[in-house]
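Undergrad: Sequence:
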Amino acid sequence: MKTVFEAFPEIVFADATYKLLDSRIPVFVLLVEDGNGQSEIASIGLLVNELHETLKWFFQTFQKNNPASINTNVFMTDKDMNERKVINDIFPDAKLLICLFHALRTFHREITCDKLGITPQERDQSKVLFEKLCYSDNEEEYQKLYDTLRSFAPSQVMDYFLWKLNYYFLDFR
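The opening position of the sequence shown corresponds to residue 1 in full-length UniProt numbering, with each subsequent residue numbered one higher.
Hints may contain errors.
So the derived label-pair ranges between C-beta atoms look like this [said to hold, decoys possible]:
#1 TRP163 with ASN82: 16 to 26 Å
#2 THR119 with ALA7: 48 to 58 Å
#3 PHE152 with MET1: 40 to 50 Å
With a Cα cut of at most 16 Å, we get these calculated EDC-like pairs of lysine to aspartate or glutamate [as the list claims (entries may be wrong)]:
#4 LYS127 with GLU110
#5 LYS56 with ASP80
#6 LYS127 with ASP159
#7 LYS79 with ASP15
#8 LYS127 with ASP147
#9 LYS19 with GLU50
These are computed hints drawn from the structure, not numbers from a lab.
Note that the Cβ used here is the ideal one computed from N, Cα and C, for glycine as well.
Required output: the full structure, derived from the provided sequences and hints.
TA: Quick look at the structure:
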């Protein structure tokens, strides 16, 4: 694992799951992507919980045992703010990104007629535009889609979008 990480330290994908063991303890996995686009395990942690101190120990131990971690530029995570805070504290120069799966899932779950008081058409169009934003091929395309979203989406949708943008991205660079 250490050799793989030394070869590909630039981006680390971090996630935890409870579904691997009967004991239901969190299994924390750190992955890197090799030159063939394949996931390679950089570290596995069997943790007693996901509290701040436990995650701090896990990431500090990873950092201490992997000097190549000074070359890590990006951590891709889910939306767990505790995890993101710990990573930000230990790797202050690394950017934190939320994986596309979690961004789309959260947006689809939160942009509803009931929660935001919008019409089904506004909801559906906002979701389509947000997904297109996520899959933009370049910054120019993103900007055009963002401008379209801004001009079409109800203020409730834009308020939510901008709040999440600030909450997850700008708070962590």
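Undergrad: Each hint needs a verdict: does it hold in this structure or not?
TA: Quick rundown of the hints versus the structure:
{"no.": "1", "hint": "TRP163 with ASN82: 16 to 26 Å", "verdict": "holds (19 Å)"}
{"no.": "2", "hint": "THR119 with ALA7: 48 to 58 Å", "verdict": "holds (51 Å)"}
{"no.": "3", "hint": "PHE152 with MET1: 40 to 50 Å", "verdict": "holds (47 Å)"}
{"no.": "4", "hint": "LYS127 with GLU110", "verdict": "holds (10 Å)"}
{"no.": "5", "hint": "LYS56 with ASP80", "verdict": "holds (14 Å)"}
{"no.": "6", "hint": "LYS127 with ASP159", "verdict": "holds (14 Å)"}
{"no.": "7", "hint": "LYS79 with ASP15", "verdict": "holds (10 Å)"}
{"no.": "8", "hint": "LYS127 with ASP147", "verdict": "holds (15 Å)"}
{"no.": "9", "hint": "LYS19 with GLU50", "verdict": "holds (15 Å)"}
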